[in-house]
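Protein chains in written order, with the numbering used here: chain L, -18 to 381; chain Y, 18 to 142; chain V, 238 to 708.
What the hints contain is simulated information worked out from the structure, not anything from laboratory work.
We put the beta carbon where it would ideally sit given N, CA and C, even for glycine.
No false leads were mixed into what you were given.
Ranges of calculated distance between the beta carbons of each label pair, as one might list FRET restraints:
1. V/L670 / L/D28: 48 to 58 angstroms
2. Y/M139 / L/D39: 17 to 27 angstroms
3. V/K422 / L/V271: 22 to 32 angstroms
A few chain V residues facing chain L, derived, Cβ under 8 angstroms:
4. A282
5. K351
6. T619
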Amino acid sequence: MFGTPTYQAVFFLVAVLSLIFIFLLGYTFWTRTKNKYWNRYGRKFKDMFTPLIFDYVDSARKSNDADAVVKKVTRRIQDIELFIDLVDNMTEILSGDDRQKLRWLINNPRIEHYYRKKLNSTRRGDQLLACVYYAKSGVVELKVAVELFELCSSKNIKVAFGAAKALQSSTNHEMRFYALKDFFLRKDATELMIGELLHLFHHNSNPIYQTSDQSLKQLLLDKNIRKERKEIVIKYISHHNFYEYSTFLHQYLQKILYRPDNKSLIKHLIAAIGVLRVEEAALLVRNYAVYPDPDLRVCCVEALNQLGGEENLLFITTMLLDIEFDVRKRIIQTLVQDPDDGHLLLEKFMLTHLKFITKIWSSDLQSHDMFVIVNKLQSITQGIRIASANKKQHLKSTRP
Amino acid sequence: MSKKDVVVIDDDELTCMLMRRILEREFKFNIVSFKNGLEGLEYLENHNPDLVVLDLMLPGKNGFEILKNLRKREEFKNTKIILVSAKSNSSDIERGFDLSADEYVTKPFQQQEFVVRIKKLMRAS
Amino acid sequence: MIEIIEWLIISYFLTLNSVYLLLVVGSLIYIRRQMQQSDVVKPTALFKSGIYKTISILVPAYNEAENIIESIESLLRLEYPEYEIIVINDGSSDDTISRLTKHFNLEPTELFYKESISHEPIKAIYTSPEIPNFTVIDKENGGKSDALNAGINVSDFDLICSIDADSILEQDVLKKLIQTFVRYKDTVAAGGIVRVINGCKIRNREIEEIHVPDGFFARLQSVEYLRAFLFGRVGWDYLKSLLIISGAFGIFDRKAIVEIGGYLTNSVGEDIELIIRLHSHFLREKKPYNIRFLPEPICWTEVPTDYKSLRNQRNRWHRGLADSLWRHKYMLFNPTYGRLGMLVLPFFLVFELFGPIIILLSYLYIGILFMIPGYADVGFVTLFFAVSILYGMVVSLISVLAEEVAYKTYTSTKDILVLTAYSFIENLGYRQLHSIWQVSGIVDFIRGNTSWGNMKREGFKVHPESETARE
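One chain only, chain L, in its complex shape (with noise of 0.2 angstroms):
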């Protein structure tokens, strides 16, 4: 039964093991050295250029004098590459007259062209590199940023992102929303990249101009951007404290029905408004705070503590008899660390609830319920000690 063909069979075998086994060998040795070999030539590239910069730096007055400089670049990639790269570096450590002169060998003519024509190539890794170049050099002529849009729609995803990242230097405010929206209607952008792009979006943004103000607005407005891409918007603007969406978020948060896949969308909202104290909106905070989900109920009393002021912070005084653990800890909490009247509700709270269950407790009416309460209300109890006991620490080591 295992005649001629077992022997097949493990010589075969035999001659896969070997196979791999020489490619192993080979493919080791030949990486390894190519490597090394690259290492030493970045070196000795960097130890030869440097200088010639930083001499450059001193020296330059005019923009041509970048010629000088980019004359001993040789047309090979690597050169280039490394050279812009180097360059680049050296922009993060100077700055002021410095670092123009530097953005001078970044936009000088000859690298331009060279880059120009990468992007006009239909090779993946060449759109590539022209992405990133124009995204340090900044997008100034029409033509570039024509090309770059081209390359927004590509369907490789690497390509896609790096136009649009590329597109967010350049001066025209409109041409970077539009790349930035293209980008979030894309199906297979991830959420790393959709917020790597909003940020260079708003870092790159001029604040002189009002437009900015309504440019992520029309984004949250926009049906087809999906959910999850909103948060993040949200997130970032609250993050950013960029209190001229105030009034655009309530308004926002009013229109929004509650519906199951709706209540992360609405928790990031009322976080939102907690952060940029949008103080209006206190009513339609405090309407959400009563509903089922616990997070969300969470999510107000933070909002509200935020908001500030007696008559929300009495609101959620009222709140502390809730179900959830995680809801009365951080009203304690929020209550305790209030600089003003908190621990006085707190106070007021526990008195009266305390005269309550006195009084219950010398008439015989015990019930499930009764110890329910009391059981909440010693739990409640520890947690006030324990936070102010705490709070009071806190001031002890921060004292001069």
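Following the hints, put chains Y and V in place on chain L, whose structure we already have.
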């Protein structure tokens, strides 16, 4: 006047090279540089330079810890220490000065400004 | 009759190694794709846009006085905007707690939390006035799971990360792992590649050079980890059927863990059991969930170097697997549990759990064949060795190759050559020996042995100079 000694501790090669260049050209100092916080600290166990240029984000031991360590020692009471960092938030700057750094330079910086600050420091000694 | 047995044996090995081969090749493709993606996005943007979750690192410590200070100091240097470290001293008999108290100026404090999961009583909780994100829990001894449960209760953050006290983490590990949680919604658990630290040059608890260890058993384990842990896990992750996240490093969604009741304290394989229970719970509740594996090296751990420790460790692991599968046997061939119940768990049962039995029986059979004069079918024996040993070598070798292609973590070429040599040696005796240990694990499980044994650990010396981790 004898040459002054400077120790530069920064893990970014480019920054090190730039500092060297500036310090050597403008001031004619003796410069020793380190990429790693621990190595720098070891060297400073046995040497007492006039100026230390210290990066905050270092592998091994971070800049604040080194600063604390140096200021604890008698022989470093009069050494000028400059902190250099890409972090420019005010709490870091405050902490730097709280720990008795003499100067705090944020990256990116202008070469001229850097030179002026050092001149001011060295004049005071 | 004989023919049936022989066919069964051959097909068993053929299937097993082919599945491994598929997993390895699939992993390689998957990893390349991942790595291409990862160099496009910068993690710092994640933090600038505020999309990240808070992490509590739980460090259960039992008699870790030697390493604990160094370990915590290195954890304090991780690059992440908001995280905390909770050390749980599980009733150590040495001076772990006093060393911590002295070094960090700990002060007793009280924290407000809910005891959602029960555990041995806590004696005291300490915090350090100088370090805001550091807490120490001192409790009665209860085992690693019990300690983790205490930490889970006290933690207030979104995610919890459970590590061994002597694991060394890469500085950017949290940054890398959070991306998994951001990319895949509803991720409840994530793990990463655990590598062998024996033989690496360490300075101040940071890895300077990565080398293959010197010891015989340690080298075997290096190859083994590459094959089984690295590519095996990535492969399963690709099929969305990850069953094992190493106890040495894992990140979990805190609420999810509380929902399923935390770690089991009377199970030897608590890490596997937890993952299976997560699968079981979410599949049963029909809630969307994700358990992912990050195909990047993030955690380094010391492996046993002597025969006895290694044997005990593998015996324990197999007991753990048996225990976990036994507890969740209701999932087998149960359509409620989808692909996991119908395919993956049965595979693990037959090939991973009972595999060693079949392997040993096969060798026994061959031994018998040789004893009966004139009966040995040279053809069958050759095929057997081809399918079991040679094929195994192919898979091991491809794993080493894949490591070189994808990661190139080993510093010198000598390391790769050593690994190549050992991928041959691994299949010539070690895996067979391993099967013996695993079978004894099954026997012990049936007998009800639940001890942990003692791995002889050398620990890392507290010296500022770089030195090779002791063997």
